[in-house]
Amino acid sequence: MDVLVLGGTVFLGRAVVSEAQALGANVTIFNRGKSGPRPDGVAEVIGDRTVADDLEQLAGRRFDVVVDTCGYVPADVRLSAELLAPTSGHYAFVSSINVFPGWPEQADYREDGLHQGDPDATRADVSPELSESESYGWLKAGCELTAVRAFGADRTAVLRGGCIVGPHDSAVGRLAWWIARVSRGGEVLVPGCADDPMSLIDARDLAAFALSGAAGAFEAAGPPARDTRGDLMAACQAATGSDARFTYVGDDWLAAQDVAAWTEVPLWVPGSPGAFAPHTAEAEAAGLTWRPLGDTVADTWAWQQGFPGGWRPNERTPGLAPEREVGLLAAWHAR
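The sequence shown begins at 1 in this note's numbering and counts up by one.
In short, the hints are calculated from the structure, not lab data.
Wrong hints could be hidden among the right ones.
[Said to hold, decoys possible] Mimicking EDC-like on lysine to aspartate or glutamate, the simulated pairs with C-alpha atoms at most 20 Å apart in a straight line are: (1) K34 to D53; (2) K34 to D54; (3) K34 to E44; (4) K34 to D48; (5) K34 to E315.
Generate the whole structure from the sequences, applying the supplied hints.
See the structure below:
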């Protein structure tokens with residue numbers, strides 16, 4: 001099997017490469033050569049997907065599966081999809097659950113349908129009235145249309161990713177932050193309740209599904225009713241062997257202290273019943289499987305320990321500053 005990965009050097013793209021190699025595939029990656037080192041054993045084509053002349057390096061080459069992990073602007077996806085469609089078999093486009101305008105605020109976020117994306121849109125076409133999240137969803141919806149238009153519905157997988165976690169998440173690190181925090185031990189502020197649902201998908205499981213050849217539109221998210229926030233904390237503690245003590249702090253109280261959901265406290269989205277309740281039945285029927293949450297946490301922790309001096313959050317990683325956490329815990333106990 002010959003596989004082309006658009007991207008291929010960081011997080012999900014890296015996972016796709018590894019999963020493809022495990023299947024015995026010949027893997028080619030196409031990227032700008034700026035985001036990460038070339039994985040061992042792959043052929044690399046350096047180029048910018050927004051530049052037609054760069055993409056011409058792939059013209060006429062035959063691939064059984066193309067996995068697009070980094071498509072964001074419909075006009076750019078059109079360039080690659082139309083060039084590859086005549087000589088490639090299957091196109092797996094990694095989209096986002098953000099294509100549903102009702103997500104995550106609505107429990108049944110699919111009821112209002114998808115963003116009405118434009119398959120030929122550029123960044124300049126995004127309405128200034130849309131929020132950052134809405135703009136992202138609108139663009140991704142247009143990319144979906146572009147991919148299907150080029151390859152046809154029977155040769156396209158639209159993978160609407162949920163919250164993707166796992167080893168090598170050097171871009172954001174939401175799960176990695178929680179693991180690192182629990183590893184330090186002591187009293188840990190945890191938002192909400194222990195039985196709050198969590199739906200996280202390991203990048204490696206999403207990668208395997210992308211390579212499966214399934215055609216259709218799928219919510220490629222974590223299992224919707226398997227894990228809880230308490231399960232996540234227990235998995236972090238088990239993996240790190242820490243002496244952490246968990247104090248669950250009410251959503252409303254945290255909001256009253258101006259604690260920012262998602263951006264300041266990772267994996268916390270209060271008042272959004274759809275956030276961790278994806279509709280994954282179609283994907284599961286088509287072959288999506290999930291490894292245990294504990295395995296994802298343990299493997300992520302092992303990856304974090306490989307950093308000289310230990311893993312450190314970057315400027316994009318959300319998370320409470322230690323002094324902020326201490327102050328909030330003191331105020332919670334004194335209320």
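Hints, verified against the model:
1. K34 to D53: holds, 18 Å
2. K34 to D54: Holds. K34 to D54 sits at ~15 Å (cutoff 20 Å).
3. K34 to E44: OK: K34 and E44 at ~12 Å, within 20 Å.
4. K34 to D48: holds, 10 Å
5. K34 to E315: holds, 18 Å
Comparing the model with each numbered hint stated earlier shows that all of them hold.
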